[in-house]
Amino acid sequence: MTTDIQHDLMRELGAERLGLFLYQMVLIRQFEERCGELYTKGKIRGFLHLYTGQEACAVGSINCLEERDKVLTHYRDHGHALARGVDPNGVMAELFGKATGVAGGRGGSMHLYDVEKGFLGGYAIVAAHLPLAVGLGVAAQMKGEDFVTLCIFGEGSVGEGEFHEALNMSVLWNTPTVFFCENNLYGMGVPFKASLSTEVPKLAAAYNMPAVSVDGMDVLAVYGATREAVAHARAGKGPYFIEAMTYRYRGHSMADPELYRLKEEVEEAKRRDCIERLKGQMMAAGMLDEEGFAEVEARARAVVEEAVEFAERSPQPALDTLFDHLYKE
Amino acid sequence: MAIMRMRDALREALREEMLRDERIFLMGEDIGLYGGSYAVTKGLLEEFGEERVRDTPIAESAIVGIGIGAAMGGLHPMVEIMTINFSFLALDQIVNNAAKLLHMSNGQINVPLVIRMASGGGSQLAATHSHSLEGLYAHFPGLKVVCPSTPADAKGLLKRAFRDQNTVVFIEHTANYGLRGEVPDDPDFLVEFGVANVMREGTDVTIVGYSGSVHQAVRAAQMLEEQEEISAEVIDLRTLRPLDIETVVRSVKKTNRAVIVEDAWRFGGFGGELAAQVMERAFDWLDAPVARVACKDVPLPYNRNLEFHALPSEEDVVEAVLGMFKE
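Protein chains in written order, with the working numbering: chain E, 62 to 390; chain A, 961 to 1287.
Because the hints were derived from the structure by calculation, they are not lab data.
From the three backbone atoms N, C-alpha and C, an ideal C-beta is built for every residue, glycine too.
Treat the hints with care, since some could be wrong.
[Unchecked claim] Cβ pair distances, simulated, as ranges:
1) E:N269 <-> A:E1010: 46 to 52 Å
2) E:G341 <-> A:N1056: 27 to 33 Å
3) E:E390 <-> A:E1240: 23 to 29 Å
4) A:G1228 <-> E:L387: 45 to 51 Å
5) A:R1226 <-> E:N269: 37 to 43 Å
[Unchecked claim] Only some residues are given here: those of chain A computed to face chain E with a beta carbon under 7 Å:
6) S1021
7) G1033
8) N1126
[What the hints assert, rightly or not] The calculated lysine to any residue pairs, modelled on SDA-like cross-linking and capped at a C-alpha distance of 25 Å, are:
9) E:K204 <-> A:V1155
10) E:K204 <-> A:K1286
11) E:K389 <-> A:F1149
12) E:K263 <-> A:N1070
13) E:K204 <-> A:E1007
14) E:K204 <-> A:L1096
15) E:K389 <-> A:D1148
16) E:K178 <-> A:Q1125
17) A:K1002 <-> E:L233
18) E:K389 <-> A:K1286
19) E:K389 <-> A:I984
20) E:K389 <-> A:L1004
21) E:K178 <-> A:I1018
22) E:K178 <-> A:E1275
23) E:K389 <-> A:H1099
24) E:K389 <-> A:K1002
25) A:K1002 <-> E:K178
26) E:K389 <-> A:E1007
27) A:K1256 <-> A:W1245
28) E:K204 <-> A:G1154
29) E:K204 <-> A:H1099
30) E:K389 <-> A:G1283
31) E:K298 <-> A:E1010
32) E:K389 <-> A:S1083
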C-alpha cells in the first residue's frame, strides 16, 4: 500500500534515487545470504549475525545523511556498512579475516570500520556505542561543525543503563544525535515485550526528545522519518529518536536454532518484505519493470561474487603485524 | 620552582594544557560548581566556562563513553571519575572501546582521552571506597597507566598525558593530594612515560613502589638506614604501562635483592607481574626470592585499626627486607 505522502516522496526522490535504494536492499540481501552459505563452508568464522529482512532500516536511514555525517551501529552491521557505501570487497575480506578487510582482519563481522566513509564502527557490546554517539555530537558542537551522528541499535539496548544515560545526556547537552532503534522483536530469543515494561518511544519521550515509531519494513517510511530527524539535529534542535519496527528473517546468529518463534511468524513477516514492497511501488509508479528488477539483481549478484573472489584471493595478515596499531605514536 | 601540593600541581597542569590546546575540555561529576571532589578542578569552571568544564550526571559509563566519542570526533577530553571505585561502572567503555578501538579498527580510530581517578585506601571509607586498581588497568593492552607519587611528577605526567594520542588512565592516590613538593613553573615541563624514578640510591636492596606505596618505601628505607645500617634503593615506577623494567633490573643487579610494595591485593596483583619479570631478567643476580608487601587479602574494613592492619606499612617493608638478610 502506498499512501499519498509516499506518492509525494516517491515523486520527489525520483526513479534514480529509488533505484539506488532498491539496489542497496537487494545487494544487502544477496550479500547476507551469500555470507550464510560461506559460514557453513567455514570461510567465515566467529559470530555471524545476518541482516536479512531489516534492509529497509539501513537503506532508509543512512541515505538521509551527508558525507560529513557519522554512523555508529551494532554488531549486525554488514547492511549498514554497505548502505553507507563501504566497499563490499573490503567488507567480505574482513569477514574472511583477510589483510585487505576494512579492519585488516582484526575486527571480523561485528567490528567493521571505514572512517573515510564516516562509518565509525559496529559495536558488539549492547548499547556501548550510544554514549560514543553523544560524544561525537559534543565534538561537532565544540568544533563548530554541523555533522550529525546516526546511532543505530537494537531494541535489546533499552534494558542497558547506557541507553538511558546517553539519551539523558544528549538532551541535557542538546547534541546532534539521531537515535535509531531497530526493533526486530527479539533480543536474541527473548521477545521484547517480555523484557520491556513499556514501549520504546515512550522511553525516549520521557527524556524530552521527539520520538516516533515507523514501519521498518517500508524504506520510504524510514527515509521520511529519518530525514526529519537529521534536519532537526542539524538545525541545532538536539537529539531525535526513531523506532523502526522490523523483523530478521534469519536466526540471531548462525548458531541460533530459533526455538522461540514459529515458522508462520517468519513467513508472515516475509509477506511484508521491504524489497518486494519497494519493487511493487516502483512498478505501480511506472519506474520499474520485471526486466529492470532482474538487472538490479544481476548487478548485485555480480558485486557479491566479485567480493567473494576478492576475499578468497586476498592474503592473510602477516604474523609480524600482530602488534601493529596497539598504540598510536 | 614553586612549592605546592599535589592537587594544585594537577590543577596547574590542567590549566596550562587547556590554555595551550583548545581541544581539551573536562567533564565529570562535581568538577565544576563544586570544584572537584578533591578540589583538583577548583576555579577552572570560572576561568574556562561551562563548555570546557562540564558537570555531568552520575553516570560513569556514559561519561567515559562520551569522552571516547568526543575524542573520536577530534577533541582531547579529560574525564574525571570521582573515585576509582566508581570506575567499575565504566569498565566496559575503558576496556572494550578506549583500549581496543585503535587495534580493532586497524589503526583508523584512536582515542586521545585522559581518564583521571582518585585511588587508594587508608581513609576509613570501608570496602567499596578503598580500591587500588592500578594493576587492574595495567592488565589491558591498549591503555597507558600513570600513577604519580609527587607533585612534580603529577604535573609533568598529567601534561604529558595530553600530548598522547592514546587513552591514559591517570590514577591519583588520595593520600598524596595534600603532599607538598617543588614543582617546575616551566609550561613545557613534561615527565616522559615509561621512565621510572630512582627516589633514593642504595646498595643492599631495591624497594619498588608506585602511587601511594612509594612513600612507605622511602620511609622504610630511612628506617633501614638509621636502625639497621642497610642501604636501600627506592624506585618509583611512575607509569605501569609502559613499564620501565630496565631501571628495576639494573638496580636489582646492583643490590641483588628486590622488595615490591603496593596498596593493592597481593593475590593476582601487579607486584606478582613485576616479581616475575625481575626473576625472568635477573634470576642469577638474586640473593633471595623477590618479596612482596601488599594489602592483605580481604576487603578493607572501616575500623581504623583493622584497616591499617590490612594495608601495607613501612614496618612491613622493613620486616620484609630484614627477612632477606636472615640466613
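Right, here's what the structure says about each hint:
| no. | hint | in the structure |
| --- | --- | --- |
| 1 | E:N269 <-> A:E1010: 46 to 52 Å | 20 Å, violated |
| 2 | E:G341 <-> A:N1056: 27 to 33 Å | 43 Å, violated |
| 3 | E:E390 <-> A:E1240: 23 to 29 Å | 27 Å, holds |
| 4 | A:G1228 <-> E:L387: 45 to 51 Å | 23 Å, violated |
| 5 | A:R1226 <-> E:N269: 37 to 43 Å | 50 Å, violated |
| 6 | S1021 | 5 Å, holds |
| 7 | G1033 | 2 Å, holds |
| 8 | N1126 | 5 Å, holds |
| 9 | E:K204 <-> A:V1155 | 35 Å, violated |
| 10 | E:K204 <-> A:K1286 | 64 Å, violated |
| 11 | E:K389 <-> A:F1149 | 22 Å, holds |
| 12 | E:K263 <-> A:N1070 | 35 Å, violated |
| 13 | E:K204 <-> A:E1007 | 20 Å, holds |
| 14 | E:K204 <-> A:L1096 | 34 Å, violated |
| 15 | E:K389 <-> A:D1148 | 22 Å, holds |
| 16 | E:K178 <-> A:Q1125 | 22 Å, holds |
| 17 | A:K1002 <-> E:L233 | 23 Å, holds |
| 18 | E:K389 <-> A:K1286 | 48 Å, violated |
| 19 | E:K389 <-> A:I984 | 18 Å, holds |
| 20 | E:K389 <-> A:L1004 | 29 Å, violated |
| 21 | E:K178 <-> A:I1018 | 34 Å, violated |
| 22 | E:K178 <-> A:E1275 | 60 Å, violated |
| 23 | E:K389 <-> A:H1099 | 18 Å, holds |
| 24 | E:K389 <-> A:K1002 | 32 Å, violated |
| 25 | A:K1002 <-> E:K178 | 41 Å, violated |
| 26 | E:K389 <-> A:E1007 | 32 Å, violated |
| 27 | A:K1256 <-> A:W1245 | 29 Å, violated |
| 28 | E:K204 <-> A:G1154 | 33 Å, violated |
| 29 | E:K204 <-> A:H1099 | 34 Å, violated |
| 30 | E:K389 <-> A:G1283 | 44 Å, violated |
| 31 | E:K298 <-> A:E1010 | 19 Å, holds |
| 32 | E:K389 <-> A:S1083 | 38 Å, violated |
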